[in-house]
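So the sequence shown is numbered by the working numbering: it starts at 60 and just counts up by one.
Careful, some of the hints might be misleading.
Subject to a maximum C-alpha distance of 27 Å in a straight line, what follows is the list of computed DSS-like cross-link-like pairs (lysine-lysine) [claimed, not checked]:
1) K196 to K215
2) K221 to K257
3) K257 to K290
4) K257 to K196
5) K196 to K227
6) K362 to K462
7) K234 to K257
None of these hints come from the bench; they were simulated from the model.
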Amino acid sequence: MDQPHTPDTDNFSSRLLTNVIKVASNIPFVSSLVQRTSKPTHRVAPYSVANTPNLSHVSENGLSTTHSSSSFLSRPSSRSSSISSFSRSQSPPDRAQSAHSGQRPPQSIHLHQPIFISTAAAEQQDENHNNGMTSDKIPKPPGEAGRPSRGGYSLKNILTVKHKWSCKDHDNVSKFIKKLVLEHLDYRLPLTGQSPVKIGIVRDEAVAKFRFLDRYEDNWAVYDFIRSHLKYWKTKNTYGYGSVVRVSDRFASLAASSSTAGNISRPSSPIHASSDRLRSESPHPNPLRTLDSTSLLDLATSKIARPSGDLGRANHGGYSLETCLVGVHNWSNEDYNAVMGFIKELVAERLDCRLPWTTHIQYSPNEIDSIRIEATAKFDFLNAYDNNWVVDDFIRIQLKYQKAILRRKATGKSRSVS
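Go ahead and model the full structure; you've got the sequences and the hints to work with.
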């Protein structure tokens with residue numbers, strides 16, 4: 060049988076419920092449990108001491124206390140919910156967020172949450188994409204320039220055949236870069252040993268004059284031209300009597316005791332007598348005769364060095380004598396043919412063409428030296444070369460040529476006899 064409902068019973072129940080709520084609010088575990096079990100859409104603030112005056116005030120109003128307390132626990136108003144949510148979001152940093160840990164639990168990122176990249180990183184990615192994927196520059200062919208038979212390529216063939224250059228454009232670019240190389244760079248050093256500032260000057264001037272050179276990636280076409288000129292051209296400036304004058308040690312030592320370069324006295328001998336006669340009858344004037352002995356001594360240390368590599372092996376790291384003298388040192392074809400014909404006569408007259416050059420150097424050095432003396436006496440510009448390497452190369456060419464002729468004659472006779 061149910062007990063009768065009286066006001067005293069309601070007051071007692073209200074006070075009991077109030078005390079239970081007060082005790083529960085002081086337990087951290089219960090407060091944390093309320094926070095974790097509450098739904099995000101219906102957040103219920105844990106009971107705190109701040110709500111105590113309201114409850115105590117309600118408890119004094121009799122029956123309305125029970126209704127107010129139950130409504131507070133079961134269905135909080137929107138205002139109280141928003142206030143409690145705001146109080147939690149604006150809680151001070153030292154407030155305990157968990158019963159087991161004093162630190163805020165780590166926040167997780169939703170799988171579909173977009174990840175934003177900084178502006179600098181995006182610009183760097185765009186730049187890398189543009190440089191690597193959308194560049195319209197012409198890349199450098201694989202291999203080394205000037206070595207087509209060993210995995211490389213011929214610069215002239217690449218530019219004229221593949222890139223549709225005209226031969227005139229190729230020659231104009233080559234001559235212009237040649238002029239810049241001889242003007243700004245040191246021919247004794249390779250490309251890697253040159254000054255970066257001077258290399259930049261040559262590159263910028265070449266690109267400024269020929270704008271189509273800018274199409275090539277990292278200016279590899281310009282660098283190949285520079286490298287080829289430094290490899291095969293061993294002069295600081297275009298060879299000329301007026302600008303660059305080079306004399307041999309023998310000629311400079313004799314010039315010290317003579318007022319002019321033409322008044323050179325030699326010991327009396329058949330070879331020297333013929334040399335004096337040939338020099339006096341030489342159709343090639345000596346530009347050094349206009350200089351005094353002091354100027355000759357100052358210029359005595361400047362001589363044209365021999366190119367690197369072997370003679371006649373231009374495709375294998377060597378050089379062609381005709382290309383070097385006519386194309387680089389500005390010899391005329393008449394001068395080249397005159398020197399070649401004169402040395403040809405001396406070689407046929409004094410040397411045995413069946414023997415190689417090394418044998419003549421070892422067993423007949425006097426004959427070799429006589430050819431050098433007469434050749435430099437007839438053509439004074441041959442004294443500009445270090446150790447007479449031009450005369451020696453002419454002698455070697457004639458020895459090989461005459462030996463090949465004798466071999467063909469011997470082969471023809473053997474075939475006719477058989």
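Given the hint that K362 pairs with K462, does the C-alpha gap stay at or below 27 Å?
-> With Cα atoms ~32 Å apart, K362 and K462 exceed 27 Å; violated.
Between K257 and K196, does the CA-CA distance stay at or below 27 Å?
-> holds, 24 Å
Hinted pair K221 and K257, Cα distance within 27 Å = Since the Cα atoms of K221 and K257 sit roughly 30 Å apart, the hinted pair is violated (cutoff 27 Å).
Satisfaction of hint between K215 and K196, Cα-Cα up to 27 Å = Holds, because 19 Å separates the two Cα atoms, which is no more than 27 Å.
For the pair supplied as a hint, K257 and K290, is the alpha-carbon distance within the 27 Å limit?
-> The hint holds at about 17 Å.
Do the alpha carbons of K234 and K257 lie within 27 Å of each other, as the hint requires?
-> holds, 18 Å
Decide if the proposed pair is consistent with the structure: K196 and K227, CA atoms, cutoff 27 Å inclusive.
-> OK: K196 and K227 at ~23 Å, within 27 Å.
In summary, the structure is inconsistent with hints 2 and 6 from the numbered list given earlier, while agreeing with the others.
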